[in-house]
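There are 4 protein chains.
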Amino acid sequence: MRQRLRELGFSIGHLPTGRYNAITDVPGVRVGHTTLIEGDGPLVVGEGPVRTGVTAVLPHDDIFHNRVIAGSFVLNGAGEVSGLTQVAEWGLLETPILLTNTLAVGKVSDAAVKWMTRHFPGIGTDYDVIIPLVGECDDSWLNDTVGRHVRSEHVYRAIEQASDGPVREGSVGAGTGLVTCDFKSGIGTSSRRVTLGQNDAVRTHTLGVLVQSNFGVMRSLRIDGVPVGELLDPAMTANRRLKNAGSIIVIVATDAPLLSSQLVRLCKRAALGIGRVGSFAAHGSGEIIVGFSTANKVPRLGTQSSRDFTMTTSIEVLLDEACDGLYEAIVECTEEAIINSLCMADQMTGPAGHVAPALPLDRLAPILRRARDATDTARI
Amino acid sequence: MRQRLRELGFSIGHLPTGRYNAITDVPGVRVGHTTLIEGDGPLVVGEGPVRTGVTAVLPHDDIFHNRVIAGSFVLNGAGEVSGLTQVAEWGLLETPILLTNTLAVGKVSDAAVKWMTRHFPGIGTDYDVIIPLVGECDDSWLNDTVGRHVRSEHVYRAIEQASDGPVREGSVGAGTGLVTCDFKSGIGTSSRRVTLGQNDAVRTHTLGVLVQSNFGVMRSLRIDGVPVGELLDPAMTANRRLKNAGSIIVIVATDAPLLSSQLVRLCKRAALGIGRVGSFAAHGSGEIIVGFSTANKVPRLGTQSSRDFTMTTSIEVLLDEACDGLYEAIVECTEEAIINSLCMADQMTGPAGHVAPALPLDRLAPILRRARDATDTARI
Amino acid sequence: MRQRLRELGFSIGHLPTGRYNAITDVPGVRVGHTTLIEGDGPLVVGEGPVRTGVTAVLPHDDIFHNRVIAGSFVLNGAGEVSGLTQVAEWGLLETPILLTNTLAVGKVSDAAVKWMTRHFPGIGTDYDVIIPLVGECDDSWLNDTVGRHVRSEHVYRAIEQASDGPVREGSVGAGTGLVTCDFKSGIGTSSRRVTLGQNDAVRTHTLGVLVQSNFGVMRSLRIDGVPVGELLDPAMTANRRLKNAGSIIVIVATDAPLLSSQLVRLCKRAALGIGRVGSFAAHGSGEIIVGFSTANKVPRLGTQSSRDFTMTTSIEVLLDEACDGLYEAIVECTEEAIINSLCMADQMTGPAGHVAPALPLDRLAPILRRARDATDTARI
Amino acid sequence: MRQRLRELGFSIGHLPTGRYNAITDVPGVRVGHTTLIEGDGPLVVGEGPVRTGVTAVLPHDDIFHNRVIAGSFVLNGAGEVSGLTQVAEWGLLETPILLTNTLAVGKVSDAAVKWMTRHFPGIGTDYDVIIPLVGECDDSWLNDTVGRHVRSEHVYRAIEQASDGPVREGSVGAGTGLVTCDFKSGIGTSSRRVTLGQNDAVRTHTLGVLVQSNFGVMRSLRIDGVPVGELLDPAMTANRRLKNAGSIIVIVATDAPLLSSQLVRLCKRAALGIGRVGSFAAHGSGEIIVGFSTANKVPRLGTQSSRDFTMTTSIEVLLDEACDGLYEAIVECTEEAIINSLCMADQMTGPAGHVAPALPLDRLAPILRRARDATDTARI
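Residue numbers (our numbering), protein chains in the order written: chain G, 120 to 499; chain V, 120 to 499; chain R, 120 to 499; chain P, 120 to 499.
Just so you know, these hints were derived from the structure itself, not from any lab. Treat the hints with care, as some may be off.
Identical copies carry no separate label here, and so any pair may be met within one copy or between two of them.
To be verified - Calculated lysine to any residue pairs in the SDA-like style (CA-CA distance at most 25 Å, straight line):
#, residue 1, residue 2
1, K416, S433
2, K416, G196
3, K416, L315
4, K233, G158
5, K233, V163
6, K233, G160
7, K233, R149
8, K233, T244
9, K233, D245
10, K416, N185
11, K416, T432
12, K416, E279
13, K233, L162
14, K233, A471
15, K416, D443
This one's a predicted model, so the numbers in the text were calculated from it and none came from an experiment.
Okay, chain G solo, but in the shape it has when bound (with noise of 0.2 Å):
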């Protein structure tokens, strides 16, 4: 059985998680997956292995309307979150992160299209188009990828059926075909909850974090600082063929007000976090982090009112000599999101052969013990 972090007793940095340690602890935030595994044997494109899927995140109910303030940073851009441009001119989302295979990101954004038409009347006459965010992984080595099995109906389910609460992770939605440091992942979360100032200015805010994760080598995994990939057994992967490729979609939420600006200088910090599991970011591999605060809702404004509307807002923001204890959590909080998309995915058997093992929660488990015993022993 499956186990996350710290489930196993174990867990990444100090600061304390939300009720769920996922990104649905940001309130309004919502997360659905759609995850198609299907057949097995020799890859037949168009026939399967399918091992793939759709994860969609949602910030608040109303995304559309109710815009909400986001920012971007690109660790290494070998990969695509399509729609990034305008996020990171605007400083805006307007739509629901769609997460996918590299080669649906089209079919996705597509049917995120269609779908926002359908729900958002008036989107080409009275409003502006919209032009959704889809990210991307490469589950090529376990699924199907060319047959192309992600369709419209997948997304929508994605979207309709995202829910607060608990995520799950491993091996669903946009997961469902992904390897990290040659273990079977996928979709992993944390969350973290940062009290800052004291006294009466005394706030709470809650960051979360949620990765698409399919990236790295065995050998150089880490996990809060322990050298597991060293320490595992080297056969375990010997299956898998050696590529540079791979890639980690993050997404990053927060109730705290920042700006867009703030948001990249966050986003920025969570480069650190995939650092820390031993990523250092491959040639080929696409990290890309994309957050958003759902502090501050920017009202979409009607083609038709583009000369009534008032010509400022007043808006809250977080001082920035007051955003280190958000930076302290997104790098925590992006590390243990990684760690348990690995604890929580099981083996999965692709096309030709192709075995993506689990990490062995079995041999992990005395190895961390093993650590933080050396460490407590020095402690003293």
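Please arrange chains V, R and P on chain G, whose structure you already have, making use of the hints.
Using the frame of chain G, we list chains V, R and P on its own:
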């Protein structure tokens, strides 16, 4: 009858054009359009009227196996060229460039993936997956954009019928439903021959630009510095609602041997050409420039061969000090391509009585002639 | 006698100017110059001739304790504004902006540090250290740059004598030894009043630009679209060696309440104004734009109080949808400020017989008049 | 007695070091320090105590005439490397790199200009002017920074006494007054040998890193993943005020033939090495990385020859697909260089009783040993 700017007897700048004054003057570059014009009358979503299409720009015959060096610049990111993140990171272009309407980006990207996986077997198995480059402008004022009339076959056709030689301009392909400075526009192109060095070290290179032009308001339109927009009858454009939105995608090709970082610098200068036509890069206008050089091909490496390939390559590079001629050329080309997109587009009626008038060439020619006469008089 | 463009009877664009048509029309902004002109004859390094200086732009009285929000854009980075990295990261300006010649940047930065530490006790102890903003253009064609004639007192004087009201232009301060489009130029300024909204929501803001202008070649000079550079006698500039080099630093001030990310977007549009004068941003030309908004002051936090400060602040922000008027204004202002830098500069002789002729206003006026007449005729 | 990490019996990563485990292992690279330590007792501005200096990194003997290709990355821009804008634009380094304290950047830049104009006649006449690269960290907790004790001679000496071979580390040169994770630090260095390819195509390159390290708090310090900072006695650092500020400048040298865009990507990975030591890139911490490759020299063009030079050049370039080894190397080097800066620095007393304790090696060694033992046990 519509005529290009030079057919009217005018031109932009000093440098000589290539044979066709088109992006196809860069050897190997081909352009194809699929134009969709159907129906009339009021807007019925899903039925029409349809005024849209697809334009394909192919850097050379086998862009997949022999990638070209690429770069880009975003003047205002209120738009989308999906796939741009990877171009920015790797400095490589490995798919055709496709242009369409905003809400069709996903569908066109999906079709491009299908086309690529059929024509280049091994994607996702022997080779890494690919991320197509798909740019867009919003044609929803003249087109039933929400009705989503672009289909995969339209994409295939634009790619497969792409040819060298003269390029159709105005209301064709991805330019079918576009409006620039309140006049009907669409696709435009222009090229320049640039001679670098002197004496024994003379070299001549070609630079070509193709624009998908959809920005601005009549009042600010300038042609070769002449404030044409102020001199035309404002009544012409009374039918058009005031919109901040718009966009222009600029595709730049050259056979000068440029690195990715040099192409980024080159693309930045295209922005100055957009500015000369009167753009102030409105908040809602997505101004994105993508450029490539056909001089150095970068062979694709199969995943199997990843351990055997040669580690270094020797490439010819134009010195930065020699690039000024190309900078002048791109400013001239971008301006002239935009003007050509206006000069070559006929009046078009869209849904709901929306009418985009043609730029009135019979009014334009005397204005430009009078300005030239004033200049010529001053010259004496 | 030199005259500004409007004194000659011409102007750029449509928007009304502020009282002085100067950056000082933005309330609180002050400008000071120290002009160094000494000696004649051949270049003797360390002796002269001296044709250089320092210009100071002060956003308001106490920029150290009440920082202003700032942003920047680099069109071509072949130049330097030291301190720009921190402006880009924090979006704050906390020192005066100083301009000088390239080889004096270090000395001026050093003098600014001395001035700041004397006037604001506690830097480095109670407060963090500061990094002054110092921009430059290369005046080595007219000035004994290597002789290094700028001293700390010159910096102090420029700061301390800074005043509001009319701004001296042409061969003053950091503009003393500069050349634009082969004519003597230097400092220029211009401003616009921008009215946003309508009915009850009307607001008027001021935007001002000051340029240190030192770029381009005569052939490409345009004024309000008229190809003036082609119409003047090339013999005028025969004395000048061909140089790719040059630069322009653009300082932008506004009282519109903009965030840092909005100021970055605003600064980008200044590049379009540079382009309208004829620039193609030559390889060796450093085109850097720095902007600030005086609307929201950001108080400096002492290091002691770092645990007690309020965690959030409420700020007023102009909506992005309302920024188009400012975008038009900055394009107009940048162009007019550059032209003013030319119109207001007298001929100057530097070392080794180097002569930078003044833009011949008696030739210019009829050219512009003829172009205007042609336009007016077309208008009828 | 202080010892480098490897002298203590530990190391970071898997790759072999160069001969001296220093940036000077890259052939041609030299390092020089001028260390200023004078006075004791309370802070008297202008008198002392003085704990500062200058460090010079010279890419090769004649960086002016034969420039090297360079790139940079800013993890957090709360700091300054003046001259960086031009490096980013041109991808060239044409002066020595100098490091010092924040308030001395101007003075050091000025001295560098004096040194360059004396040693390379023709600057500003036969050749373009130059903009020196000067980075900084804030040493005001241990140094009378406001007293401004760095003089031009100190800069000349650092440049002229620069040598290859072993590099002094800890409290030397620009590292004299620095503190990392609440312990005395300063300059640190490390190098790696990277073997790329296999069989007949094997090549070995050297990559070296030098850091000026001044960031972080004890609690977050990690060495090779071991949470050392949690295990040391917090009382050790009780004397130090809590500061967000800090900084780290990372200089990267390699003889691998990299383009500027590749060096930018390489520099980005150094950020991951900073993160592994425990940094979350605090708001007030300036983390800036500058890298250069010595493989391709770019000759300087005189202004007279601007019309005669060869238009193109042929350069050898490492394929991006081959860069992963360098990415691993830079993460390892950056981490080890930071640790060396701590291991090699003795306790230092500054003004006002400020004491920066040395990292206690006698406590550190058993902690690292215990962690290694735990790992070794797990390995079996």
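Okay, the hints, checked on the actual structure:
no., hint, in the structure
1, K416 - S433, "both (11 Å within a copy, 15 Å between copies)"
2, K416 - G196, "between (29 Å within a copy, 21 Å between copies)"
3, K416 - L315, "both (22 Å within a copy, 22 Å between copies)"
4, K233 - G158, "between (29 Å within a copy, 22 Å between copies)"
5, K233 - V163, "between (30 Å within a copy, 16 Å between copies)"
6, K233 - G160, "between (34 Å within a copy, 23 Å between copies)"
7, K233 - R149, "within (20 Å within a copy, 32 Å between copies)"
8, K233 - T244, "within (15 Å within a copy, 31 Å between copies)"
9, K233 - D245, "within (17 Å within a copy, 34 Å between copies)"
10, K416 - N185, "within (5 Å within a copy, 28 Å between copies)"
11, K416 - T432, "both (11 Å within a copy, 17 Å between copies)"
12, K416 - E279, "within (22 Å within a copy, 44 Å between copies)"
13, K233 - L162, "between (31 Å within a copy, 17 Å between copies)"
14, K233 - A471, "between (35 Å within a copy, 22 Å between copies)"
15, K416 - D443, "both (24 Å within a copy, 22 Å between copies)"
Going through the hint list in order, the structure satisfies each hint without exception.
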